[in-house]
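Visitor: Given next are the chains, with one letter for each unit.
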Amino acid sequence: MHTKRRYSDLIPALIFLLPGLVLFALFFLGPMLYSLRISFFDWKIVHPDQSVFVGFRNYQRALSDSIFQRAILNTFAYTVITVAAKMILGLGVALLLNQRMPGRTFLRVAYYLPVITSWVIVSLLFEYMFNGQAGLVNYVLKDILRLIPKDVLWFADPILTLVPIILLDIWKGIGWAAIIFLAGLQAIPAELFEAARVDGANSAAQLRYITWPLLGPTTVFLVVVLVIGGLNAYVPFQLMTNGGDPMDLTHSVLTLMYEATFGRIDFGYGAAISYLLTVFVFIVSLIELRLMRQQAV
Amino acid sequence: MKTNRFVWMLVSLLTVSATLLAACAPAATPTSAPATEAPAIATEAPTEAPTETPEPVTIQYWHTHSDPETAQLDQVIAAFEAANPGIQVETSRYAYNDYKTALLTAISSGSVPDVARLDIAWVSEFADQDALVQLDGNLPDFDNIIKDTFPGPLSTNYWNGHYYGLPLDTNTQVLLWNKDIFEAAGISAPPATMEEFAAVACTINRSAAETRYGYAQGGTYFWAPAPIFYAMGGKVTDEEITTATGYVNGPESVAAFTMLKDLYDQSCMSPNLLGGGIATDAGHAEGTYAMIIDGPWMVDIYKNNYPDFEVNFAPIPTGPDGTTSSVVGGEDVVILEGTANQEAAMKWAAYLLTPEAQKMMAAVGQMPTLASLAGDPAMPPYFAVFQEQLKTAQARVPHPKWSDMDNAINNAYQRMLNGDQTPQEALDQAAEEINALLQ
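Chains as they are written, first to last, in numbering that gives the first Met the number 0: chain A, 0 to 296; chain B, 0 to 438.
Not one of these hints is a red herring.
Restricting the straight-line Cα-Cα distance to at most 20 angstroms, the calculated cross-link-like pairs of lysine to any residue (SDA-like) are: (1) A:Lys149 with B:Tyr263; (2) B:Lys346 with B:Asp140; (3) A:Lys43 with B:Asn159; (4) B:Lys400 with A:Ser50.
Please keep in mind that the hints were generated in silico from the structure rather than gathered at the bench.
All chains should be built: construct the whole structure from the sequences, respecting the hints.
Guide: Now the structure itself:
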């Protein structure tokens, strides 16, 4: 009697889910699987039936390509630095915004505003600010603070190019991490802090023994999501490096994929790169979850 | 109880069916594939109602024209439709950066435009992918049409023994010199030879109090140094496009790049070309760059952004053997494989090459590819120096792998500017990389 009711209760639910599932299958699952198929071919776009099956050759070519390796390095360094900065600074901002103070709501909005700005617009803005000959940053560093003797050509150097890109992402992402941390902070019952104060704990001890452990799930969520976002970085890289300038040394994995697919019409190679990234993201996420679970225990 | 559950199921079924059917409403046959990150601005051309026609045919024309050019294009379309009742032309306008992606998406999904205006460097690439219709032998009157076109622009349509497009508009680069800066430095005329050019670039630099450069290039991609490269006798490959050894790293090519590197080392050429500096057009108008090398579009750009600035053009200085040269740019018009209206598409493409259509587009800065129109009084006056330069300008290598070759030369240029390699070493490496692409 009980089981029967469960099954027939499910049917309306499944029917309601059907349109969503159909759309998901058509626009996500289908193209993903088709793209996987493309990655094993030397794909011809006008006559796909004439595509030549090459097995794993596209993957081997990517893994042995020094440009691809450099792109992985760039993406990895970018992810590590931006995620760490956003987590630390985001937590700091959240702790501050959790205090009762005048203008708190305004400040919360102000910190969140960068999150909703357009990637394209702020990328161009940072590009202007870091302009090698007429940019604001050079002006401040050279003429006002007198920290550097000559203009720094930010975008002419393969490593310095990453500085505006990383700073942009951190600036844009702190607000998001802060709001998520804030939600986590507000879920911690106030009695715990009172009890701790009674026991003589100062702010630092409270942070270490109450706040941090209870923020566990929030932290795990943020790290996983931020890392996935970081590894998928595309817009700021594409706009500020014009696809890897100088000398293909500033690619991110996705700008390289874009160039292979739409620049050189090598669809198979581009698909292989995208799947290598997918596998990498998947493995990284698994490792993160495993590590976080161990720490929580 | 049972009725309740039955009613729930009925409600859910009806809701879902209604949603699905509403989504499927206008079941169009070939729908264009959703562009990925490309916001397509589709414009409808003013169409004339066909009078008595067997079946009105609509062809799709894709392009990347600017605002004034698009407005003029609509006039050309109106004239074409008046002369060809039964054919209507619909246009889709794209931003240049999104254009190649949009075309490739359309080709992969099978719903291609009938006609498209393509960058000359892409024609061999698309032809190699079998995406373009062969025109020689297929387009009516093809041989007559191409007889009047400039050889440089025409050659960009040639791939593997056949022609896959018609040269639509052409351009080249010439020297722009800032008269005020020149006169302040005591120089009355632009340099006529490369030696004078190098000397003038450095003289102007040293004579200025604030940061100023005698010459600036837009970047290190091949298009930027190409005019100087070709004027000094440089070549990328041999005529038959079989090897780059002895050509891109030959003595003339190395001499050209060595001159540029010396200008850079002596701060006569601005470091903006490595990326992230002041743009050449702004710098030239504001007096930071005394000379730049650029194309006919600068007239409109300066009219809009620096209306008080007086543009001065001069031919590219002559190389060691006394001749000038430059690089050919422009667009070709192609017909995409898979078009359902090939005959109408060919009529439209052929019409774009008639003197009437070419003169109309010339009024908005599109330089005609018809040799018979050179010196025509209907042309804007500033065309003269460019059309003169076009007589000696050379096309870049018409090969599907050209963008990789461009990249090889680009990287070589960067390496020599950074001091990682000498110009000879850098170009030797470029030659090897280009040879690998020619296999």
